[in-house]
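Chemist: Go ahead and model the full structure; you've got the sequences and the hints to work with.
These protein sequence lines are chains S and Y, in that order. End of the first sequence sits at 1018 in the numbering used here; the numbers just go up one at a time, nothing left out. End of the second sequence sits at 1018 in the numbering used here; the numbers just go up one at a time, nothing left out.
Warning: the hint list may mix true and false statements.
Claimed, not checked - Once the Cα atoms are required to be at most 30 Å apart in a straight line, the calculated DSS-like pairs of lysine-lysine come out as:
#, chain 1, residue 1, chain 2, residue 2
1, S, Lys961, Y, Lys961
2, S, Lys961, Y, Lys759
3, Y, Lys639, S, Lys681
4, Y, Lys759, Y, Lys785
5, Y, Lys961, S, Lys991
6, Y, Lys681, S, Lys806
7, S, Lys961, Y, Lys681
8, S, Lys794, S, Lys833
Stated by the list, open to error - Far from chain Y, some chain S residues (derived; all Cβ distances over 10 Å):
#, residue
9, Gln751
10, Asn895
11, Asp916
12, Asn1012
What the hints assert, rightly or not - Chain Y stretches covered by chain S per the calculated footprint, using a threshold of three residues with CB under 8 Å from any CB of chain S:
#, stretch
13, 614 to 627
14, 695 to 702
15, 750 to 756
16, 894 to 901
17, 996 to 1010
No wet-lab data here; the hints were simulated from the structure. Glycine residues also receive a C-beta, built at the ideal position from the N, C-alpha and C atoms.
2 protein chains.
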Amino acid sequence: MFDSVIYNCAIITVNPRFDIISDGVIGIKDGRIAIVEARDANQPLPLATDRLDAKGGIIMPGLVNTHTHLPMTLFRGLADDLPLHTWLNEHIFPAEKKSICPESVYAGTLLACAEMLLSGTTCCCDGYFFEDDTARAIAVAGMRAVAAQGVIDFPAPGIPNPSLNIQTASAFVDKWQGAYSTITPSIFCHSPYTCSSETLKAAKKTARAKDILFQIHVAETKAERENCLAEHGVTPIKYLETLGILDQKTLLAHTIWVDEDDIEIIAKNGANISITTESEMKLASGIAPLPEFIKAGLTVGLGTDGCASNNDLDLFRELDVTAKLHKVNTGDPCVADAETVIKLATIGGAKAILLDHLIGSVEPGKQADLIIIDTHKPHLTPVYNLPSLIVYAVSGADVRDVLVSGKAVVRNRQLLTSDVNTIMADVNRMRITD
Amino acid sequence: MFDSVIYNCAIITVNPRFDIISDGVIGIKDGRIAIVEARDANQPLPLATDRLDAKGGIIMPGLVNTHTHLPMTLFRGLADDLPLHTWLNEHIFPAEKKSICPESVYAGTLLACAEMLLSGTTCCCDGYFFEDDTARAIAVAGMRAVAAQGVIDFPAPGIPNPSLNIQTASAFVDKWQGAYSTITPSIFCHSPYTCSSETLKAAKKTARAKDILFQIHVAETKAERENCLAEHGVTPIKYLETLGILDQKTLLAHTIWVDEDDIEIIAKNGANISITTESEMKLASGIAPLPEFIKAGLTVGLGTDGCASNNDLDLFRELDVTAKLHKVNTGDPCVADAETVIKLATIGGAKAILLDHLIGSVEPGKQADLIIIDTHKPHLTPVYNLPSLIVYAVSGADVRDVLVSGKAVVRNRQLLTSDVNTIMADVNRMRITD
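Modeler: Dropping the structure here:
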């Protein structure tokens, strides 16, 4: 007897064999997937308290967004098409100074969660300030997340005195570790050029002591690489290695400007990668060497980055653009094929943020973090190949139902956990005006 | 007294000043825009038979898709992630041979029109075979189009004897010229390497005689350029110029592998360009030099290409990806800014297909080809900048209402001109099986 069964669906399992079941059944018990199997038309459906008819849609693991700054939904479209320096110093930093507070972080995060759940992302990996308020909003929204308090050696929202940055991050971890089933705390150092070597080492030491994920932006721009070479005599990746920052519980974001040696260093240390293709394109940072990362056996996930630089949180767009960008960048239409990018956005992302024991595939024992895609639409007709459809034609708006730990959070495109109109009104009220 | 007024909307006019009206009114009479103005809260709405409350949404010109092969919706996802040669010779050509007939072309086009209208495209420029059936379907769907019968020096669907290719194209033009208000016929030569110089000259001569648009794929791949240099001693663009093909009524598609001299030749002759960013990325053809085209003053539009190589017809995705691709490709986040790419997808496209006297902007005298975007959604909140929102956050699924010549063709996301379920069932029945 299951708590619920889902039937009348194709299933992209993303199990190690990447099995696709054309007419499947999923049984859920205590929030976990209990069975995943092809339906036997001669057998009745398994007994269950609830039945969910997927109406011929596609079920796949909820997408995993490995890099974002959720409250930055507040700044969606505030400043675009500008040089990085102007964008940051004249728009984003002043806006953060003006409007980032516990209330706005909470409201912006609720908005981000609404957007992510409605576009099929069930888990994200966040890093920002006032992260306690972010984590509270994520919990209310019914999402799963790795949530990290940001560490930077400058006065930051909520941490006017940077000498308290690690202490604040540490207190955040202590509060949330083991406190709520779907929230896993983490520490996020902004970058090697905004945190001193002492800060980086102390933050990683804290993360190691608490056995949590350590996140950092690194090797994002050509200038960062050149400055690091000038200042430290080594590349940003080599610099992190010498500080002892790289290991299997470190996630590197925006890691673009790396050479073969850097990739070997990352591989040797087992560090993980988050690629945020659209944000990196929009800011003209560069193109991460995804095919080389894959060849080197690195664990890679996809992310959207914050809304100030993307400007949305629809991870389905990232799949499509990532697949296409690496084809044109390498001149090889076979790289970043549909199956590969689906893995990046599910099991790859889950591994990158250390949650693959819980999520990232539709397999017995995993949490029932599932999405149902409604394929009965002109732009999804006809269907020849499910992975291709997912990557090249589906968008977030095609997600009809979403479950997290077996609990419905979106049904028929309606968010069940919060009132979307109230969330939007709250953020609109906090809109920055001159 | 207008036939209809639309109110409670922001308007992105795409007029020469790129005016944006934050609270506007549009009056429509006899299918044309009669007035576009800011609303005076102290005045009643203009008198009209119908009133359409845009509910705070954004109105902009219907998007113009300048390059597509509509019936190829039949092959959406049939073959992906393959080398160009394998994709074409082992999958697409055999599929065309097996399934392209008047009935499938008609059904595939209806599906394409449903998808385009539901994602905000009101006008497209098509080229394929059995174009008479394509044109009939476009008319039924209530779209506007430039429709071209394809010319190629090989046996093609409907033209087993290639010596009849121009005659067939000419007969198509004669049948449709002036026959139906929203359909403008055209001739489409496949490419300089699949049509002889005699065919190219004769086809262009026919197009000139009938005063219609001539379309051609040219300079799409590096190999095409190299082969042309080897065979003719000149680049593909120079080759077309020597044949007298280039003029203000010629549209060049997929024009990627061009040098400075080529761009100057295109500019000098006044020929127009269609860029299909996503298709060109997916097939790894290359990146068109859009910033150089703009610098040279060329008329440029955007297109989706056919569904076999994209795999959707959502032009909003093209805006987003085009803006981002050229930023990362040039290393300059200021190129392909939001206003620029909106112009490409509206007035630029209209100019490129010679319809800018009718469409491409929201201005008095133009046809009322309008779309209303529902911005009351989490991923479109908050709103700081309308062009940025359109390019970086809106997708086709956000289009709520669509008018062509003042007539509602989509209302509340429901297609009014055809039954979407029947269209999808027809195409599913024609699905290619091994």
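Chemist: With reference to the structure, classify each hint as holding or not holding.
Modeler: Status of each hint after checking the structure:
At roughly 20 Å between alpha-carbon atoms, Lys961(S) and Lys961(Y) fall within 30 Å of each other, so this suggested pair holds. Among the hinted pairs, Lys961(S) with Lys759(Y) is inconsistent with the structure: their alpha-carbon atoms are about 33 Å apart, more than 30 Å. Of the supplied pair hints, the one linking Lys639(Y) and Lys681(S) is violated, its CA atoms being roughly 33 Å apart against a limit of 30 Å. At most 30 Å may separate the alpha-carbon atoms for a hinted pair to count; Lys759(Y) and Lys785(Y) meet this at roughly 22 Å.
A C-alpha spacing of about 23 Å is found between Lys961(Y) and Lys991(S), which places the hinted pair at or below 30 Å, so the restraint holds. For the suggested pair Lys681(Y) and Lys806(S), the alpha carbons sit about 50 Å apart, so the restraint of at most 30 Å is broken. At roughly 26 Å between alpha-carbon atoms, Lys961(S) and Lys681(Y) fall within 30 Å of each other, so this suggested pair holds. This hinted pair checks out: Lys794(S) and Lys833(S) have alpha carbons roughly 11 Å apart, not beyond 30 Å.
Even its closest Cβ contact with chain Y, about 33 Å, leaves Gln751(S) beyond 10 Å, as expected for a residue assigned away from the interface. In this structure Asn895(S) is not separated from chain Y by more than 10 Å, as the shortest Cβ-Cβ distance comes to only about 4 Å. With a least beta-carbon separation of about 6 Å from chain Y, Asp916(S) fails to lie farther than 10 Å from that chain, contradicting its non-interface assignment. A beta-carbon of chain Y comes within 10 Å of the beta-carbon of Asn1012(S); the shortest separation is about 5 Å.
Counting residues of the stretch 614 to 627 of chain Y whose CB lies closer than 8 Å to any CB of chain S gives 0, which falls below the minimum of 3, so the coverage claim is violated. Coverage of a stretch by a chain is defined here by at least three residues with a beta carbon nearer than 8 Å to that chain's beta carbons; for the stretch 695 to 702 of chain Y and chain S the count is 4, and the condition holds. With a threshold of 8 Å between beta carbons, the proposed coverage of the stretch 750 to 756 of chain Y by chain S is violated, since 0 of its residues qualify and at least three are required. Restraint check on the stretch 894 to 901 of chain Y versus chain S: 6 residues with Cβ-Cβ distances below 8 Å, three needed, restraint holds.
For the stretch 996 to 1010 of chain Y, the assignment as covered by chain S holds, since 3 residues bring a beta-carbon within under 8 Å of that chain's beta-carbons and 3 suffice.
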